[in-house]
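Peer 1: Since the structure of chain A is already known, use the hints to place chain B on it.
Residue numbers (the numbering used here), protein chains in the order written: chain A, 1 to 384; chain B, 1 to 515.
Hints in this document: simulated from the structure, not taken from any laboratory.
Here the structure is a predicted model, which means the values were calculated and not measured.
Note that CB positions come from ideal geometry on N, CA and C, so glycine has one too.
One should not assume that every hint holds.
With the C-beta cut set under 7 Å, the calculated list includes, among others, these residues of chain B facing chain A [stated by the list, open to error]:
1. 50
2. 185
3. 187
4. 189
5. 221
6. 267
7. 273
8. 326
9. 405
10. 490
Spelled out from the first residue to the last, the chains are:
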Amino acid sequence: MSAEPLLSIRDLRTVFHTDDGLVRAVDGVSFDIGRGETVCIVGESGSGKTVTGESITRLIRTPPGEIAAGEIVFDGQDLTALSDEALRALRGDRIAHVFQNPQGALNPVYTVGWQIVEAIRLHEDVSKGAARDRAVDLLDRVGIPEATRRFDDYPHEFSGGMKQRVSIAMALATNPDLLIADEPTTALDVTIQNQILSLLDDLQTEFDMSVLLITHDLGVVAEVADRVVVMYAGKVMERGGVFDVFEQPSHPYTRALLDCLPGRGDGAASIGGRLPSSTDPPAGCRFHPRCEHAVDACREGEQPPDYAVDGDDDHVVSCVHYEPGGDPSVVRGGGDDAGSGDAVDDDGGDGRGSGAVGTPPADRTLRAESLGDDGSDADREDRA
Amino acid sequence: MTRPLLDIEGLTKHYPITEGVLRNEVGRVRAVDGVSFTVDRGETLGLVGESGCGKSTAATAALRLEEPTDGRIVFDGADVTAFGDAELKRFRRRAQMVFQDPTSSFDPRMSIGESVAEPLRVHGMRDRAKRRRIVGDLLERVGLDAADMDRYPHEFSGGQKQRIGLARALVINPDLIVADEPVSALDVSVQADILDLIDRLQSAFGLAILVISHDMGVVREVCDRVAVMYLGEIVETASTEELFEDPKHPYTRALLASTPVADPRQRGQGASLSGDVPSPSDPPPGCRFHTRCPEVIPDESYDLDDATWRAVLNLRLRAESAGIDVAAVREYAAADDDDDTTAVDPAAVRAAIREEFDVPAELPDPDAEAAVAAALDRIVDGDVEAAADRLGEAFPTVCRRERPELVPTDTDLAAAEWRAIKGFRVWVATLVDESAETVTGRVRERCGEGADREGEVDRLAVRAAFRLPEPLSDSAAERAVGAAVDALLAGRAGDAADELYDAFGPLRESACHLG
Numbered sequence: 001m002s003a004e005p006l007l008s009i010r011d012l013r014t015v016f017h018t019d020d021g022l023v024r025a026v027d028g029v030s031f032d033i034g035r036g037e038t039v040c041i042v043g044e045s046g047s048g049k050t051v052t053g054e055s056i057t058r059l060i061r062t063p064p065g066e067i068a069a070g071e072i073v074f075d076g077q078d079l080t081a082l083s084d085e086a087l088r089a090l091r092g093d094r095i096a097h098v099f100q101n102p103q104g105a106l107n108p109v110y111t112v113g114w115q116i117v118e119a120i121r122l123h124e125d126v127s128k129g130a131a132r133d134r135a136v137d138l139l140d141r142v143g144i145p146e147a148t149r150r151f152d153d154y155p156h157e158f159s160g161g162m163k164q165r166v167s168i169a170m171a172l173a174t175n176p177d178l179l180i181a182d183e184p185t186t187a188l189d190v191t192i193q194n195q196i197l198s199l200l201d202d203l204q205t206e207f208d209m210s211v212l213l214i215t216h217d218l219g220v221v222a223e224v225a226d227r228v229v230v231m232y233a234g235k236v237m238e239r240g241g242v243f244d245v246f247e248q249p250s251h252p253y254t255r256a257l258l259d260c261l262p263g264r265g266d267g268a269a270s271i272g273g274r275l276p277s278s279t280d281p282p283a284g285c286r287f288h289p290r291c292e293h294a295v296d297a298c299r300e301g302e303q304p305p306d307y308a309v310d311g312d313d314d315h316v317v318s319c320v321h322y323e324p325g326g327d328p329s330v331v332r333g334g335g336d337d338a339g340s341g342d343a344v345d346d347d348g349g350d351g352r353g354s355g356a357v358g359t360p361p362a363d364r365t366l367r368a369e370s371l372g373d374d375g376s377d378a379d380r381e382d383r384a
Numbered sequence: 001m002t003r004p005l006l007d008i009e010g011l012t013k014h015y016p017i018t019e020g021v022l023r024n025e026v027g028r029v030r031a032v033d034g035v036s037f038t039v040d041r042g043e044t045l046g047l048v049g050e051s052g053c054g055k056s057t058a059a060t061a062a063l064r065l066e067e068p069t070d071g072r073i074v075f076d077g078a079d080v081t082a083f084g085d086a087e088l089k090r091f092r093r094r095a096q097m098v099f100q101d102p103t104s105s106f107d108p109r110m111s112i113g114e115s116v117a118e119p120l121r122v123h124g125m126r127d128r129a130k131r132r133r134i135v136g137d138l139l140e141r142v143g144l145d146a147a148d149m150d151r152y153p154h155e156f157s158g159g160q161k162q163r164i165g166l167a168r169a170l171v172i173n174p175d176l177i178v179a180d181e182p183v184s185a186l187d188v189s190v191q192a193d194i195l196d197l198i199d200r201l202q203s204a205f206g207l208a209i210l211v212i213s214h215d216m217g218v219v220r221e222v223c224d225r226v227a228v229m230y231l232g233e234i235v236e237t238a239s240t241e242e243l244f245e246d247p248k249h250p251y252t253r254a255l256l257a258s259t260p261v262a263d264p265r266q267r268g269q270g271a272s273l274s275g276d277v278p279s280p281s282d283p284p285p286g287c288r289f290h291t292r293c294p295e296v297i298p299d300e301s302y303d304l305d306d307a308t309w310r311a312v313l314n315l316r317l318r319a320e321s322a323g324i325d326v327a328a329v330r331e332y333a334a335a336d337d338d339d340d341t342t343a344v345d346p347a348a349v350r351a352a353i354r355e356e357f358d359v360p361a362e363l364p365d366p367d368a369e370a371a372v373a374a375a376l377d378r379i380v381d382g383d384v385e386a387a388a389d390r391l392g393e394a395f396p397t398v399c400r401r402e403r404p405e406l407v408p409t410d411t412d413l414a415a416a417e418w419r420a421i422k423g424f425r426v427w428v429a430t431l432v433d434e435s436a437e438t439v440t441g442r443v444r445e446r447c448g449e450g451a452d453r454e455g456e457v458d459r460l461a462v463r464a465a466f467r468l469p470e471p472l473s474d475s476a477a478e479r480a481v482g483a484a485v486d487a488l489l490a491g492r493a494g495d496a497a498d499e500l501y502d503a504f505g506p507l508r509e510s511a512c513h514l515g
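Just chain B, same shape as in the assembly:
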């Protein structure tokens, strides 16, 4: 195994929400919130999730089309986050993007030959005849005719335009292609063509491809590995096969179950996910999926099934967000009788609330029932806050209390250790092309604080600087990290990176308190 072409670590993109003339920041939309992944040469990684989960932002931030708020991007041994303008331009020659809508991504007044050749011109190829030769050759490789280069975008179908989009992305011989929903605007009958073309181009050019899609079917078709995103975070990564055979995260399971299957015998089997995606400007604490998760972890002290627990938790969460309007419930409960809403029987109001949240009229667990009944009484009295306190106390869940982090599922590593290793690895990856002296210098700079009395940076200093406990809980990981630290201290950053990427190649990860 070699080093990946792209290593993204802790990528974050926040958009400030400002108010007033002074543009005071009053909040921020956490579009992408600490996302890490790698893409190998010749590999297709899928970034999948619902709209608004930040998958497109993650991709544009990774190419620095938008300035990331935080995080490190290492592309072929260079730190993209540190690039100046000239380096950035060089980088963009090697990383290209293909967009969703093939129609709006072409200038209608330019022939497609000009459009495809434009990147060549931008990057300084002045010889027109040569440009035409390259464009003609490329058009043929994507399944069109060289003679098509003098025609205009409107003369092509959507599928053909997407082929031209691919040709334009490939014309300057990039190493990485980011394809944002490459087939969602196309009919199914041409989708397969384009997906197949992407596959073939990848093997022909040895490309690394990042595919962004909301469609599990598309992802399954072209991707080698998949990262599932929810509300700005990656919740699971796995090889495509593993992900579809054995999804670990409840969100992945829900996403797969929601995808309709073209088999009428299997209808109605997709478990429905309740509710909408919460706003990324105010993401829920703990696990961001806990507000919708059908498998949210119940408190051990109660004997409730998953659905009832979910219902009680929904009641709690709504009360906490002050979303229960007692007057409205009263009106609803009274709707059938008369207009005097103050005289409504409290029992009817309580029943109406239970009905609204699918909480059974009486919970099977007496303690739980007592807590819910007490809370409902407070709601009827108009004190939703007290009810929220009562419910919050009575129905805690680890999913709301603690934020789960990505953990490799097949190792004994703890989340913090894994985070430290990834941070270490991405730092080492920026040094692979440097000389031994530079590496030693950078190590001294980075880990100087932990140096011993003689000012010598040793193994312990490096491990302390990167928060790598010794020993790590996983023996294989410990061996690799130990070897990497030794190689680094000897100035051999390339070997150190190889050690780390070999040991922690694309691991299967999941961020969930379950298991």
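Chain A on its own, in the form it takes in the complex:
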């Protein structure tokens, strides 16, 4: 992409001050969204994907939340430097949100038409009649049958899928440049999910907008994404074009995530263990306690920097095996994921030799304890 991206996030850090300590929900996340592009953030619960989306328009509750560092440049403007008031004008106007639960996004005591009209008139100085015409048009475009008649219906008179269509219509009311959709189809049945996804796709072309879609479902990602950001424990593990990520998954986490999808007929393999503690994440690569390819270099210092995969700057991965001079075939395993321990050990030498590791963490025993406490399921099954 040569043109300036619409949204550019650099080293975003969003933290929450909790009783248990500082939770680094988003910890140094960077990615771009080009104009007219669909970017998907994918990750498990607790990966920080939702907080990333909410940080963009500062929807996170402050306190306890806080955007501690980083830049969010939207169309040449740094949103982190914007006043609350300026941000409020932007939110719902040029950047719109669609949430997982359409029930919660609609006010039950107003008709859906009125709510869309309100959204339009909040950001634009138009007459009620004109706003109404546009609202009917929007309802029609999101596929509500007989939009004129349904205009005066209340949210409870719509099914879940129809409600999500209404909330999409509301988000589109001001012709946004960026639509942030957080798990927009997770609460819906698959047949309805399919309708909503193809609707989003059509609307994106029609309105020429960018979409940031946040989901845990790799099937949804494969269906709509242009580019993919894979998150784990607040960090970006891998990011790249959708074909690159699905056909050449490079980070061990991405590979594991793809392998654990049930129902492809070839047996699903789970990722052993569980998400690391949010207040006390492991040093080095956040994924190393669950990674079968982890070497010493993975366990120390900071999350590895982004390395280009096969020299492609648009496909980067945060894994020590990809550093210049490293051997990525360890992770890729020549098509066989069995990943023998020998191969890992052999290449561990390479990883160590690079000297790209930071200071060793002071609290490693503590970490080990808390992780042991978390209890890796895989380990336990081995014992049993």
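Peer 2: Coordinates of chain B only, in the frame set by chain A:
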């Protein structure tokens, strides 16, 4: 092949809709409407469908957690529908449930050891040390530590809690487990673990498992057989492999096509299913899926493709449900011009309606076009009812006219015959543990009406009582039913049941007018 552990026949659960102080019944929600399936020992049956299709209700009704409105439930040779309180309690010891949300299914103030041991206590095991021993052993079998039993639910992750849920279900050594969406609340990375655990527990304990899920992927992963439900009915049953390789029912096909595949090269290939699931309080007549079915059977007299037929039918169905608001369409057609909606050009209104329903401006078939044009004229005149009549006359479909029933796809049996055989079989299954005298007595009771002059119940009387025509259209079926009737008359109900279950084990069935 042995007899199945669970045989459900014609299970129905209706919820009355009442009105006023007298609670007059004004309608009923047909949550489950005549569902039949069997689960063998060591088998996993998946019940799959969209939300609101009645899959969970079917399961709770099968365990009599909710009283079924109708139907027969035979569990290991006993008629569960006839159970009294004591028998029901014994039955529940043998049939356990695992729920979707592992967090809300545990009391946060009880240690998990207490939670897991509770069923033991309820069912009368007073020895605390023994309870702890059993619980500890079981926790280890589900991949946790025995020492975990003194910890509390909040100390465990969702996946671990679901393991504990499984341990609690297994603690009283049940024969059947009903797992309602066992992994939908979990992250994909732990789903595979739990599914694998279910698989291993099944082989270790020889369990029969009924898995309820909306996720085709999950079903494919753990189930041996699958029953697909839509709006309270089973539309197709098949072995998992057959179902995914060669789905017979259009709904199954649509469900599979809608499931997103994690392969960006295959995007956009899932055919979208239009519309929402109709309300189970007023299910469509005929095939319940016909209002959304992309393969709805066109009338032979027209030359229209599937999509156009679907569009015309949508127009017809909407007109019939009085869902076309002419004033609104007028307003829509006029929106660009002026506010005087009465003066809108009728042609514009007609065009707007065609556009709304994706009906082409001119249908390729002249007869069809004439009918649609006439109907649109009536709509423009404000007489939607007349339009509905016209459309209903002109565009009939067998899918709306006749209700398809489950038919075994690999036999020559007709739907009525298959229904009769299943009814007969489930009745015989309740007698398998009875003595020959009791069996003969029950047969006499049930089939007495058709007895001959000497009061003797013979083959013909039994067949008449169960509406089993002689001969059946399928020769193998005829042989099995003939042998079963003979065995039954000889008082050998067990042999009769074996004959029937051997011949009609888990057959592949589909309920569709196509083919």
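Peer 1: Each of the hints needs a verdict: does it hold here or not?
Peer 2: So, going through the hints one by one against the coordinates:
1. Interface hint status for residue 50 of chain B: upheld, as the beta-carbon distance to the closest one in chain A is roughly 4 Å, under 7 Å.
2. Nearest Cβ of chain A to the Cβ of residue 185 of chain B: about 10 Å, over the 7 Å cut. The hint is violated.
3. Taken as an interface hint, residue 187 of chain B checks out: its beta carbon lies about 4 Å from the nearest beta carbon of chain A, inside 7 Å.
4. Restraint check, residue 189 of chain B versus chain A: the minimum CB separation of about 4 Å is within 7 Å; hint holds.
5. For the restraint placing residue 221 of chain B at the interface with chain A, the shortest Cβ-Cβ distance is roughly 4 Å, inside the 7 Å limit, so the hint holds.
6. Of the supplied interface hints, the one on residue 267 of chain B holds, with its beta-carbon coming within about 5 Å of a beta-carbon of chain A, less than 7 Å.
7. Using the Cβ-Cβ criterion of 7 Å, the hint placing residue 273 of chain B at the interface with chain A is satisfied: the shortest such distance is roughly 4 Å.
8. Interface restraint check: residue 326 of chain B against chain A, minimum CB-CB distance 10 Å, threshold 7 Å, status violated.
9. Proximity of residue 405 of chain B to chain A is violated relative to the hint, the smallest CB-CB distance being about 24 Å (cut-off 7 Å).
10. Taking 7 Å as the C-beta contact cut-off toward chain A, the hint placing residue 490 of chain B at the interface is violated, the least distance being around 47 Å.
Hint compliance for this structure: hints 2, 8, 9 and 10 are broken, all remaining hints hold.
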